[in-house]
Amino acid sequence: MTWQRANGRKPDELRPISAKVGVIKQAVGSAMFQQGNTKALAAVYGPRELHPKFMQDPEKGYLRVYYNMLPFSGAGDRVRPGNNRRSKEISMIMQSALRPVVDLNAFPNTVLDVFIELPQTDAGTRCAAICAASMALADAGIPMKDLVSAVSMGKVEDTMVLDLDYIEDSHEIGVDIPVAMIHHSKEISLLQMDGIITKEELMKNIDMVKKACDEIYEVQKQALKDSFAKGE
Amino acid sequence: MSELKIQDKTIAVPGEVLATGMDYLPSFGTYRAGDDILASRLGLVTIDGKVIKIVPVSGRYLPKRNDVIITKVTEILMSGWRVDTNSAYSAVLPLRDASSEFIARGADLSKFFDIGDYMMAKVTNVTSQNLVDISMKGPGLRKLRGGRIIEVNTNKVPRIIGKQGSMVSLIKQHTGCSILVGQNGLVWMHGPDPQKELLAIEVIKKIEKESHLSGLTDRVKDYLEKRTGGEK
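Chains A and B, in that order, give the protein sequences.
Mapping of the first sequence onto the working numbering: residues 1 to 232, in sequence order.
Mapping of the second sequence onto the working numbering: residues 1 to 232, in sequence order.
A portion of the hints provided could be inaccurate.
[Stated by the list, open to error] Pulled a few chain B residues facing chain A out of the computed Cβ check, cut under 8 angstroms:
hint, residue
1, Ala33
2, Leu38
3, Arg41
4, Leu42
5, Thr46
6, Val55
7, Pro56
8, Gly59
9, Leu62
10, Val92
11, Pro94
No lab work stands behind these hints, which were simulated from the structure alone.
Cβ atoms here follow ideal geometry from the backbone N, Cα and C, with glycine treated the same way.
Whole structure, please, built from the sequences with the hints as guidance.
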């Protein structure tokens, strides 16, 4: 018995994606990325002076990522606002997922702040957040080697699936593996795993993720190009 | 076999392949990965013979030597002033470059420039650590009294100034305002009445928004003539 997905989605089918750049006018760069019912807003401020001063690096700028789920964003249970263990961890892993592409050598002693808010969540938030953040960084005119695209893959019961929604993510017999990929070099900058999976299964499905990330990259690219076509 | 993958004067996204093969050369905003030339920031592709570069369209100002910028005094030091440059780095105006007047030892420096004063200044030096020195000695460099200041995208400043200052003199002519444009994206204007200043702001915002479209000068001219009823 294979796992039947909501809305009759095929195992390797992504949820509908939409993206938009320049959604927050006050920020230096900003972007929205939506995947199914998961929506991320990213705003980039800086480079600007870094305080406290002891954190300044005279060789390069510092990338600071702040991930936050809004209180009403879940399935109806109120998410406690503010920092928690989980958001702290995700902020950190996002920072390391984006750091390989962002070139901050031109901005010593400064900080680049990336704020990500999630007004609506249905699993895959860190992936949507990484996609939004990399678009916002590009929009902010930051020198960067490449864009980062991210998607989750996993296993529900005995079916390998792509882009898990909340039902699949929280399924008792399941694995959730968020992956972030640097587009051109196909390097993986984030790989986490919740659950048990064999090495063979994992390796087989990395190819599936590659294809999906290419699809997401096209959406990101188009959104960035569109923001200029309309006279923004 | 070398091949261009993108058209001249179109928007490129970080990580996008601009050309393949060794016949093209990567310049500003691009890099080579294997045989390919890739974009390393968001911007307008400019192909000049064999050289491919990217002209940025977004991002904050980064101080550059010989730029004329609009600055704001934030601090009075022992031997000069610290000013905000609308970038990640503050600048220092040393005493000897502040005025052609003699400034005695221990004089009250706020008599010359007080905290909150704006002035047009020239960047004299930028170190590798981005420590910035500015000077008030030079034609047109002065304290800005009255008027108002707006912030625009620093990458669009050349369009606001126009070829040999054609665009800015057009606005000056029609609104009767004196206008100073700093390379750092701050624009100061002072006019005979507030309505005229607001019109100047409106036109500058319009230029900023439509800067990438052709026939800009003519459109701005028509717009100004319509708004001022043809009177000069």
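Exercise. Could you check if valine 55/B really has its C-beta closer than 8 angstroms to a C-beta on chain A?
Key: Hint on valine 55/B: violated, closest Cβ of chain A at ~11 angstroms, above 8 angstroms.
Hint check, alanine 33/B versus chain A [nearest Cβ-Cβ separation less than 8 angstroms]: holds, 6 angstroms
Holds or violated: the hint that proline 94/B contacts chain A, with Cβ atoms closer than 8 angstroms. Violated, because the Cβ-Cβ distance from proline 94/B to chain A comes to roughly 20 angstroms (cut-off 8 angstroms).
Task: Restraint outcome when leucine 38/B is required to lie within 8 angstroms of chain A by C-beta distance - done: holds, 6 angstroms
Does valine 92/B pass the interface hint, meaning its C-beta sits closer than 8 angstroms to a C-beta of chain A?
Given a least distance of 14 angstroms, the restraint on valine 92/B is violated.
Under 8 angstroms is the threshold here; is the Cβ of arginine 41/B close enough to any Cβ of chain A for the hint to stand? holds, 5 angstroms
Checklist line | Interface hint status, leucine 42/B versus chain A (Cβ within 8 angstroms) | finding: holds, 5 angstroms
Practice prompt. Hold the hint about threonine 46/B up to the distance rule: shortest CB distance to chain A must be less than 8 angstroms.
Written response: Interface hint status for threonine 46/B: violated (15 angstroms vs cutoff 8 angstroms).
Agreement of hint proline 56/B with chain A interface, Cβ distance less than 8 angstroms: holds, 5 angstroms
Against chain A, with CB atoms and a cut of 8 angstroms, does the hint on leucine 62/B hold up? Holds, about 7 angstroms.
| request: Would you settle whether the hint for glycine 59/B is holds or violated, based on the nearest Cβ-Cβ distance to chain A being less than 8 angstroms? | output: With a closest approach of 2 angstroms, the glycine 59/B hint holds.
The earlier numbered hints that this structure contradicts are 5, 6, 10, 11.
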